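From first to last, the protein sequence lines are chains A, B, C and D. Residue numbering for the first sequence follows our numbering, beginning at 1 and increasing consecutively. Residue numbering for the second sequence follows our numbering, beginning at 1 and increasing consecutively. Residue numbering for the third sequence follows our numbering, beginning at 1 and increasing consecutively. Residue numbering for the fourth sequence follows our numbering, beginning at 1 and increasing consecutively.
Heads up, a few of these hints could be off.
The list treats identical chains as one, so a pair stands whether inside a single copy or across any two.
Simulated pairs of lysine-lysine, DSS-like, Cα-Cα distance not exceeding 30 Å [to be verified]:
| id | residue 1 | residue 2 |
| --- | --- | --- |
| 1 | 337 | 367 |
| 2 | 374 | 337 |
| 3 | 374 | 107 |
| 4 | 337 | 192 |
| 5 | 337 | 107 |
| 6 | 192 | 107 |
Everything labelled a hint here was simulated from the structure, so no lab data went into it. These numbers come from a predicted model, not from an experiment.
Spelled out, the chains give:
Protein chains: 4
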Amino acid sequence: MTGHKVTMLGTGLIGLFYTMTLHGQRGRDRVHVVYSRSEERGRSFAAEWDIPVHTTDLEEAVAHPETDVVVVGVPNHLHEEAVALAARHGKAVLCTKPLARNAEEAKRILDTVEGAGVFAGYLEDLVYTPKTLKAVAAVRAGQIGQVTWARSRETHPGPHSAWFWDAEQAGGGAIVDLGCHCVEIIRSFVGKENRPLEVVCWADTLVHPIEAEDNAIALIRFESGAMGQFEVSWTFRGGMDLRDEVAGTEGTIWTNHFLRTGFEMFSSGEGGGYVAEKAETASGWMFPVGDEVSELGYVDMFRDMFDALDEGRQPMETFYDGYVVNAIMDACYGSAKRRAWEPVELADWRGTGAAPITRSQRTHDGKLVIKEEKMPDGRLRLILKDERTGEFTDVVSSV
Amino acid sequence: MTGHKVTMLGTGLIGLFYTMTLHGQRGRDRVHVVYSRSEERGRSFAAEWDIPVHTTDLEEAVAHPETDVVVVGVPNHLHEEAVALAARHGKAVLCTKPLARNAEEAKRILDTVEGAGVFAGYLEDLVYTPKTLKAVAAVRAGQIGQVTWARSRETHPGPHSAWFWDAEQAGGGAIVDLGCHCVEIIRSFVGKENRPLEVVCWADTLVHPIEAEDNAIALIRFESGAMGQFEVSWTFRGGMDLRDEVAGTEGTIWTNHFLRTGFEMFSSGEGGGYVAEKAETASGWMFPVGDEVSELGYVDMFRDMFDALDEGRQPMETFYDGYVVNAIMDACYGSAKRRAWEPVELADWRGTGAAPITRSQRTHDGKLVIKEEKMPDGRLRLILKDERTGEFTDVVSSV
Amino acid sequence: MTGHKVTMLGTGLIGLFYTMTLHGQRGRDRVHVVYSRSEERGRSFAAEWDIPVHTTDLEEAVAHPETDVVVVGVPNHLHEEAVALAARHGKAVLCTKPLARNAEEAKRILDTVEGAGVFAGYLEDLVYTPKTLKAVAAVRAGQIGQVTWARSRETHPGPHSAWFWDAEQAGGGAIVDLGCHCVEIIRSFVGKENRPLEVVCWADTLVHPIEAEDNAIALIRFESGAMGQFEVSWTFRGGMDLRDEVAGTEGTIWTNHFLRTGFEMFSSGEGGGYVAEKAETASGWMFPVGDEVSELGYVDMFRDMFDALDEGRQPMETFYDGYVVNAIMDACYGSAKRRAWEPVELADWRGTGAAPITRSQRTHDGKLVIKEEKMPDGRLRLILKDERTGEFTDVVSSV
Amino acid sequence: MTGHKVTMLGTGLIGLFYTMTLHGQRGRDRVHVVYSRSEERGRSFAAEWDIPVHTTDLEEAVAHPETDVVVVGVPNHLHEEAVALAARHGKAVLCTKPLARNAEEAKRILDTVEGAGVFAGYLEDLVYTPKTLKAVAAVRAGQIGQVTWARSRETHPGPHSAWFWDAEQAGGGAIVDLGCHCVEIIRSFVGKENRPLEVVCWADTLVHPIEAEDNAIALIRFESGAMGQFEVSWTFRGGMDLRDEVAGTEGTIWTNHFLRTGFEMFSSGEGGGYVAEKAETASGWMFPVGDEVSELGYVDMFRDMFDALDEGRQPMETFYDGYVVNAIMDACYGSAKRRAWEPVELADWRGTGAAPITRSQRTHDGKLVIKEEKMPDGRLRLILKDERTGEFTDVVSSV
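Based on the provided sequences and hints, a complete structural model is requested.
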C-alpha cells in the first residue's frame, strides 16, 4: 500500500501530462524530483505541482536518494543517456515513446536495462486507453474471430514543441512521432507473438517547409497473414484524429479516442472565455474529450507500470516492445526511401509465432462453399464452387 | 498524503461499483470494513476485494475504530438509520443516491448530519462524469450564454435488484431510481442558485406488472425562466441510454455517456465468450464503454469527496443537494397524481437567486430586431418589428 | 404516364422548395403557373424556374385552364381563401403545413374540399422523409413491438420570413410553425387510429422580443396509453435539429434528419467561398445534408400526392390529418394558457381505435415475473413478485 | 419534356436497382425492353416492373425500334459485346461499372463508341451520391484548400451473385468489384485533370476459398503529389461499410454512405418480420439507410445521364473515365503481383495537368514559419526554422 517517489525528467508537454496524471488522482505515487534544462521552468513546474526538489543536473535528478523510479520525458535524442543513468543508479526506469530514434539505438537501450537488471517500462500510452484495453480483451477472447486487418490512425496539425520538427533530434517526422503509437496498437490487436515480416510505406512532405515527412501511410504484413495499416499526418485540419479499426473473421471493432466520443458543443463564440483543448477553434461545433489523461491511457498506463513493479512482473509494455516498434519504423523509412517492400529486421525476436488465418474449406453437395447468406424466409443462399470444373453457382438450401 | 479507511455498507451493485473504484486505482483510500446483511455475501465480498473486516452488524461496521469514513450503499429505506449511526459515531458519511425516499425523510437526514457536525457527501455520480464536469465548466464560463433548457435522460430495461421494484422500500419507481440523477444534472447546468419553482410530470406504468411507475417525463421551471426536462424509463430496449443536452442563448451542449461514446463492435457471436456489460445482446452491433467507473463519474466523485474532507471544505454534492432533489421528485409525484403543475416545496432554501434570462431589445432604424442572419455575401438580413404598428418586416443591411 | 400541370401559389421559401423538387427531378409534373403578391418576384421566379405563366391575381392563377393541381404555399392566414378558390374551380389542391391557424379554420377548410369533392393532400413533408417512411414501416411490421413513446424534435434559430413571427398571420409561434410536423410524426408512429386524448404543454418566450412562444414542450397522451412528446424551439444554436425517437416494448428507433447524417466537414474558412446551408457558420466543423429536398421528404411527398391523384386514392396525408394536427395544437395552446392537462377536442373523429399496451402477466413458480435477464452462463435471472405477500425476490433459473 | 425508352440488359441485382430507380420516381424515362438469359426471369421481371417487352435475344433487345437508350447491366465479361451491339445500332449506351475487366478491353470499348459517335455514359453510381456531389463541389470551391489525401473504402461480406467470385468472368476480385468505385471517387476529389502516376497495392485472399483477392489496399500517387488510398474487402463483418475521407490543406471531409447515416434501430427480434436490407442480422442494433437508391447515387446518376443526352453534352462520368479506372486497377494488380510501385499506363491521357501542392514559405524575423497556433490569450505561438543553422525554435508573437 505504499507508493513510489518519482524522478521526472522533462517539463514539456509529456512531463506535464505525466505529472498531471500522477498528481491528479488520489494516488500513492508522486513526483519527488523534477529535472529541466531550464532552471526557471524547473522551478515553476515544481511550484505548480508541489514537487519538493527541482534541478538542472540530469544525474543528480536520477540519483536522488529518495526516488526509486525514473520517468524519461526528455526529447528522443536524450533517451539513451537518461536510461543509461537510471540503469547505472539501479533505478526502475519508465521511458516515453518512441523508445529510441531507430532500432539500433533501441537495442542498446534494451541491452542496458537488461544488463543492469532494472525494471523497465515503455510508456506507450495509447495502447492503454480504456477503449483499447477493452477492445484488445475482446479480440483475445475470440469475439471477432481471427484478426485479418488492424488499422490505426493518428493525425493532427503538427506537434507543439520545436524539437519534434528537427529530424536529427527526433529521429524522423510523423512516423517516429505518431507512427510509434500506431505500430504498437496494431501489434496489440494482431498479437505480439505474431512476427512482423515486411513493410511497404509511403512518406512525403506535402505541406510544411521541413525535411521530415509530414504524411505517411504504411502496410505491415504479419506472419499470420494479417495486415497492419497506419496513417499518420502532421497536416490534418480539425483537431486530432485518433481512430483504430480491427477487422476479424467474425467481427469488427471501431474506436474513436478524440474527435467523436459523445461530447458535442456549439458556441457562437460570444458567450465567454472557455477554450476547448487541441481544438482548432473556440467557436462553432467543438468536440471536447471528457477526461483527457484518462481517455488517452495515461491513468491505466501508470497503474500497470507501478503495479508491475510492486508485483515483480513485467508491465504490459516493455522496452522489448519499444525495440520492435523501432525496428518496424526503420523498415518503414527503408521502404519509403527504396520504394519497395522492406523486411523487418529483428535480430532479437522473442515471439512464439502465430498460425495462419484459417480459410474455410466447408463443402455442400461435394462443392466448396464460398459464401452463405440467411434469407428473410430462414433458408440459406449458398454460393458454391465446383473444384473440378472451376464453375461457380448459387443454390438455395433449406438447411 | 495519507488516505482514508472506509466502512462500506452494502455489497450490492452499488457497493461493488464503489469498492471497484476505490481499489481499482492506485489510491490511498481503501475499504477496511464491509457490512452485508448476509454473512456469506460479506465474506466473499471481503475476500474478493481484500477487505480486512466483514460483519453483519450494521452498528459494529459503522463504529469500527479504524475507519473514519462511512459509505452508505444500502437500499433507500435504510439510509436514514445508517446515516444516523454514522453521525452518532462522529464519522464522515457519504450516502448514495437518492438521499431519501422523500423530502421529509431527506430533511431529517440533513438535520442529523448538520446537528452532529460531521462531514457529509451526497454520492450523485452522474454529476461527476468527466463530460459533465467539463460541460458544466463550459456553461459556468459563459461559453453557451444563458441556459434556457437542460434535459437529462436515463433509461434502461429496469434495475437488477429486487428491492428497486418495491415502491415501499425504494420510495417510488423510475423517478426515484433514475430521475434523481437527472434532477441534479439539470440543477448543475441551470445553476444551483436558481430556485426550482414548479413541476409538471407524467408518470405511468406501461409495461411491467408493478405498482411503481416504469416511465416518466417531467418539466421543472426555474426562477430564471429556464426549463429542466427529464425522461426516465425502465422499459427502454437496447442497453442504457444516458444523455444530457443543454441549450443556451449562445450555444448548445450534447453529451452521451453510454451508448455512443466512440466504441463500436460487431460480432457474429460465433467467435468467443466475451459478453459486453449492460448490453442486451452478445452478438450484432454492440457499444461498450471504455472505463465504466470512470465514465460514470465514480472516480471523480470519490476524489472530490476525499479531497473535500482533507481540505475541510464542502464537497460539490452535499446532503443539502440531496434534499433539494427529493423535494423536486416529491413535486413530480404530486403533479403526476394531481395532474397539474405542482409547486416545489422547499422549507429550507439556501440559493442566492438567479436573474431572468435576458430578452434582446436591440433596435435598428427605430424598430425592434427580432432576428439577424449573416448572408453569404456578408450582409445581414434583419427581421424587424415596428412596435407602434405591430408590423413585421425584413430588410437587408450592409452592416 | 402523363404528368400534371401545377399552379404554385407563393414564391417564398416553401414555394421555392416545392418548385425545386418538382423541376429538379426528371419528373412528369411541372409548375405551369406561379402566383406571387409581387409582380417582380413572380417574374423572376418564373424566369428562374422556366414557368410559362406568372400573375399577381390569385383567382386567375387558380383558375388557369391548363393546370389541374393547385399547390398552396402562401402564409397561413391565406390558406382558407386559397383552398376555397381551388375547390370552387374544381381543382385538386395540395396545401402546405399547417393546414390552418386553428382547428375551427381547419374544419372549415376540410368541409370545403369534401363538399366540393376535389382531391386534397396535406403537404406534411417530414412524415415523408425516407428515414421516417422506413421507420414507420418497421413499426407497422411489429419490429419494435408496441409503441410506448414517440418523441419528435424540431429546433432552429427561428424562421426566415417576417410573417412567421407575427402570431396573427401565423396563428402562433414555434408550436404552429414546427410542432405541426412533430405532431404528425408522432401520430404516424403511434398509429393514426390511436385517438389523442389530452395534452399538457409548456410554452414560453425566452429569448426573442415577440409575443409568440419561441420554445415549447408538449406531452400528448393517446388512447393506447402511448405518450407523444414534442420539443420545438426558435432559439436553438448550431443549425437545425430534426430528430425523432420511438420506444417500443421490443425495440427502439432513432432518426436524425439534419445535423448528424454521416457528412462532416471542417474548414479553416481560408479556402474558398462555399457556404453550407442553414449552418450558422462557414468555418469550423459543419454538417451538411446530402440532398436536402430528398432528405426532408419533399420528393416522396409529391410522389405520393400525384400517384394518389392518378390512382384515385387518398394520399398518405390528408386534410383530415391536417385538421387533427390543428386540434392537438389548439389543446397545446389551451394547456399552456390554463396550465393544466387539456382534452383534445375532435368533433369529427374518424379513427378506429387502439388497444391498450399489453402489460406482461407471465408467472414463474406461481409468482409474477417482473423482469428477466440472460446471464453470461446462459441461465436466466428473474425478478419475481409474490402477489399475495407483495414481496419481491430474485432467482436464477436454468431455463 | 419527353423521356427516353430504355433497353435494360440484365435482370440481376444491378438491373433491379436501375429499374427500381427509373420506375420508382415519377420520371419521364422508362424501361421498355428487358433482356435476360433466362426466359423465366425475363418474364417475371417484366411483369413486376410493367415492362412491355422481354426477350432472351441480346441483339433483338438492343435493336428494338422503340428504345433509344441501352443500359448494360450484364456481367463484366459481356460488356464489350453488349456495347458493340449498341454502337452498331446507333443507340446511346450506358454501361455499369467496371467498364471492362482490364484497360485493354476498356480501350477497345471506348474506341467502339467514339468510332460510332454514340452517346456513352459510365454508370459509376457512388460518385453521384448526394453527399459525394456536395463534397466534390465544396472541394472545387476551395473550401478545404488543396487536396493532399483522398481515401475511399468499400467493404462488405462478399457479393450476392456467383459470377462475381469467378476471376475469369469478373476480371478479378474485390479490386475490380469494389475498387473501381473507390478509384473514381478518389479521382473526383483530387481532380480528373490530375494524372495518376503510380500505384502500390497489397492484395491477398485471406478468408474465402477462392483464387481472386478478397482484401486489398492500394495507394495511388497523383501528379500534384496528392495521395489516393483505397481499402476494399469481401470479408467485412457488420453490413456494408462505404466511407470516404478527404484531407486538404485548409480542411477535412468525411462521408459515410451506409452504416452511420442517422438511422439507428434496436430490435429484440421478437416483434415482427421486418428484415433490414444488407444487414447481417434482424435483431440487435441495426443501421438502415433511408432511401437506398437515392443514397447510393442511382437517382442523380440517371438524371445526369439523361440530361446530358437531352442537352447534347458529355455526362459527368464517361467511358473515358471508365478506361482510366481500369488502367489504375491494372496497375494495382501489377503492383500486387510484382510487389513494387507500378506506373499507371495511360496511352490515351486527356487530362490538362495539375500543379503541385504548395508548401508554405512564410517567414518571421528572417526565419521560416513551420507552424503557428493561436493561444487562448489571442497571441500566436510560432515554431520557426533558421535556414542557415537548421535550428528549430519557438516564439510567442503578439500579432
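Of the numbered hints stated previously, which ones are contradicted by the structure, given in increasing order? 2, 3
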